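Place chain B on chain A using the hints.
Protein sequence lines correspond, in order, to chains A and B.
For the first sequence, our numbering gives the first residue as 168, with consecutive numbering after it.
For the second sequence, our numbering gives the first residue as 168, with consecutive numbering after it.
By construction, these hints were calculated from the structure, which means they are not laboratory data.
Quantities reported herein were computed from a predicted structural model and do not represent experimental measurements.
Take the hints with a grain of salt, since some may be wrong.
Identical chains share a label here; the pair holds if one copy fits it or two copies do between them.
Stated by the list, open to error - No farther apart than 35 Å at their CA atoms in a straight line, the calculated lysine-lysine pairs in the DSBU-like style are these:
(1) Lys-225 to Lys-195
(2) Lys-176 to Lys-380
(3) Lys-500 to Lys-336
(4) Lys-461 to Lys-268
(5) Lys-467 to Lys-408
(6) Lys-523 to Lys-176
(7) Lys-372 to Lys-225
(8) Lys-500 to Lys-450
(9) Lys-380 to Lys-276
(10) Lys-500 to Lys-195
(11) Lys-225 to Lys-318
(12) Lys-360 to Lys-372
(13) Lys-277 to Lys-380
(14) Lys-450 to Lys-256
(15) Lys-523 to Lys-177
(16) Lys-500 to Lys-467
(17) Lys-380 to Lys-318
(18) Lys-177 to Lys-380
(19) Lys-268 to Lys-256
(20) Lys-360 to Lys-277
(21) Lys-450 to Lys-225
(22) Lys-360 to Lys-176
Number of protein chains: 2
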Amino acid sequence: MSEVVTKGKKAKQASFSLMDIPTNEKNKALEKIAKQLIADIPFLLSENQKDIDEGKAKGLTESVLDRILLTVKRIEDMSTAIRLLINLKDPIGEELERIEKENGLLIKKKRVPIGVIGMIYEARPNVTIDAATLSLKTGNAVILRGSSSAKHSNMALLQSIHQALEQTKIPVDAVQLIEDTSRETAKELFNLKDYLDVLIPRGGKNLIETVIKESTVPVLETGAGNCHIFIDETANLEMAKDISINGKTQRPSVCNAIETILIHEKWFELYGLKLLDALTKQKIELYGDETVCKAYPSAKHATEEDWSTEYLALTVSVKVVRNVQEAIEHINKYGTKHSEAIITSSSEHANLFLTKVDAAVVYHNASTRFTDGFEFGYGAEIGISTQKLHARGPMGLPALTSSKYFIYGQGQVRE
Amino acid sequence: MSEVVTKGKKAKQASFSLMDIPTNEKNKALEKIAKQLIADIPFLLSENQKDIDEGKAKGLTESVLDRILLTVKRIEDMSTAIRLLINLKDPIGEELERIEKENGLLIKKKRVPIGVIGMIYEARPNVTIDAATLSLKTGNAVILRGSSSAKHSNMALLQSIHQALEQTKIPVDAVQLIEDTSRETAKELFNLKDYLDVLIPRGGKNLIETVIKESTVPVLETGAGNCHIFIDETANLEMAKDISINGKTQRPSVCNAIETILIHEKWFELYGLKLLDALTKQKIELYGDETVCKAYPSAKHATEEDWSTEYLALTVSVKVVRNVQEAIEHINKYGTKHSEAIITSSSEHANLFLTKVDAAVVYHNASTRFTDGFEFGYGAEIGISTQKLHARGPMGLPALTSSKYFIYGQGQVRE
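Just chain A, same shape as in the assembly (with noise of 0.2 Å):
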């Protein structure tokens, strides 16, 4: 039997005995694994340093080699999250709707886990604990499936989480990850249907369409965010540049980062120059429609892929519209469903804008910075949702569960 079969069968079993495990059974858990964590450091730092030298000679770029640093500090980060998912309230066993019927059938619909979670990832190895202490938080087993890359980090955080269950009553294959990082893994991992209840890809926009191409097991899917911020007529001038700066620059990196300002043609005539300006000054490179280049010389000419790309950078793209309709379609156009903002003063345009646009958060007048589990208050979150089933935007720890019904009588039939 394969690895990934031998595993997957082992975390069903596990699943059946996480079932009915108690809510401190599982905060127990979760704190054994944030003190091990504290006392591996030297262990973890030295495993990981194998995975940076290995990404040095391979010639992995720095930032790719960042993701997978471990340092005290970010080690420290992981234990001290892990205390706070532990205050987190457990979702599991909450009732959710209650139906007493006439012929006396009493009817709960109750949250329970899930089952088996698998989680494929790229690089980061933070994903390994975020993934495995959100899961037993719910009452999932999980199967961890990393890069090569993040290979010996992710094996020594495994092995202190099992460390970590050994002194508790939650079986160690509740949390377990695939050694063998070859294409063949992740390929047995789509069709394991027997095993997984849900498939979750971490990573790269190729990572997650490989997934929900190949992929039988239902796949929860964090998506890319190419998101935009309209800038209506009668948007202040002020809020719009705050806006503007901060979507772009306070994290670049991130899927909630703007990619593209879209401008009503009246404000662009009155205040285009006082924006673009700014954007140049917090060195933001712009790529700019006819309108936008004609007005702004040292902006560069946004092709059509432009209007497409999450630049994931201090890059913007820029365009003109004729009003907000306009601006609706171009989102529906080519928005990946994810954050999509619009600044304005008539609560009209926004109404329109906030109903109209398909994306998982809508805002009026805020930065789409907003759109984190734990910005909305629900802490810990296992990704951000761009699909419409399940779970829509930040994922905190309902996306992980599932619901049952229990039915209880007294020998009733159906006439």
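Quick look at chain B alone, frame taken from chain A:
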């Protein structure tokens, strides 16, 4: 451009105008459809006759022909079902969550339409009406792809729907039917990710498995039901007889009928023959394990395959088990996560069974036949989900919705 892509584009366009269509407009359209169907009875019957004639010529079985058949009564029932749907609460716009942040941001999570629903189904023309009207009520556009065996009926029903919609503010493109029922159009739908938000297969196991395997569009799985009853040591004899007979005979061809009866060995010793006699009296064919066949020679020998078989007929397999634990393991191994029941006087065993059996609906002392949207009080249902994401169990109107975060600010940016 192919028929599928052309209709996909139009459906997407229509879905944008449905995003903010008021409840009364949707109900008005449903009322017009309910009326039009009655007005069109002669036309619908004559078009249906063509399918029946062609089906007979092709040698379709009586039961398939019966599924295709429209009668005055069946069309009147469709019309009545639409009127019931009108009276159901519109889920769109419901506020699911409200968060007020210290920085003044107001976050509202609201129910919104999914967008465009693709429906692939077999034979039954009533699915055409169900899918169209449930989609309209939830503000979704829908693309229908029925089977060639009901082609004339489906096209006639679509014509009635379009005639009705022409008298309303809802664009006729909100409901479209793929006329080319070749394998190629199904394949095209599987990959119509740009225009379809979800694909729902309604039909046999093969259809569902093909859709899951080949679709890159997210799938709402309405699965098969290999349902069990476990009769525990302390089960009341009369209750066990009533529920077994009801679960098997009340409507044997449906997914929530039972296919296997598991019996505690001590109960079997005392009451086994009485139960088996009662089943035989109902003309139920029995397949038993060794213990059953020894005690009841008229039972046939069950093979390994029987435990996985959804008979959908007056046939049941019977197995004697040592205890509730063995029953749970059997169900989790062979079941399809649909509906499972325990008959017992022990609340401890009931809790264990209800918690550990992995199924959409679990019953204590009641018939599995209650797994049904109408029985739960949800009204019309689009099917029964046996998957764990998005919707599990009977899927009423909320299963055809998504959610969206609306965020209202006064210029907030992220620190």
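Evaluated hints:
| no. | hint | in the structure |
| --- | --- | --- |
| 1 | Lys-225 to Lys-195 | neither (40 Å within a copy, 65 Å between copies) |
| 2 | Lys-176 to Lys-380 | both (24 Å within a copy, 21 Å between copies) |
| 3 | Lys-500 to Lys-336 | between (51 Å within a copy, 24 Å between copies) |
| 4 | Lys-461 to Lys-268 | neither (69 Å within a copy, 42 Å between copies) |
| 5 | Lys-467 to Lys-408 | within (20 Å within a copy, 79 Å between copies) |
| 6 | Lys-523 to Lys-176 | between (45 Å within a copy, 17 Å between copies) |
| 7 | Lys-372 to Lys-225 | within (22 Å within a copy, 48 Å between copies) |
| 8 | Lys-500 to Lys-450 | within (28 Å within a copy, 60 Å between copies) |
| 9 | Lys-380 to Lys-276 | both (33 Å within a copy, 30 Å between copies) |
| 10 | Lys-500 to Lys-195 | between (48 Å within a copy, 31 Å between copies) |
| 11 | Lys-225 to Lys-318 | within (14 Å within a copy, 59 Å between copies) |
| 12 | Lys-360 to Lys-372 | both (23 Å within a copy, 15 Å between copies) |
| 13 | Lys-277 to Lys-380 | both (32 Å within a copy, 30 Å between copies) |
| 14 | Lys-450 to Lys-256 | neither (43 Å within a copy, 52 Å between copies) |
| 15 | Lys-523 to Lys-177 | between (46 Å within a copy, 16 Å between copies) |
| 16 | Lys-500 to Lys-467 | within (22 Å within a copy, 62 Å between copies) |
| 17 | Lys-380 to Lys-318 | both (25 Å within a copy, 31 Å between copies) |
| 18 | Lys-177 to Lys-380 | both (27 Å within a copy, 24 Å between copies) |
| 19 | Lys-268 to Lys-256 | both (30 Å within a copy, 19 Å between copies) |
| 20 | Lys-360 to Lys-277 | both (24 Å within a copy, 32 Å between copies) |
| 21 | Lys-450 to Lys-225 | within (32 Å within a copy, 72 Å between copies) |
| 22 | Lys-360 to Lys-176 | both (11 Å within a copy, 32 Å between copies) |
In this structure, the earlier hints numbered 1, 4, 14 are contradicted, and the remaining ones agree with it.
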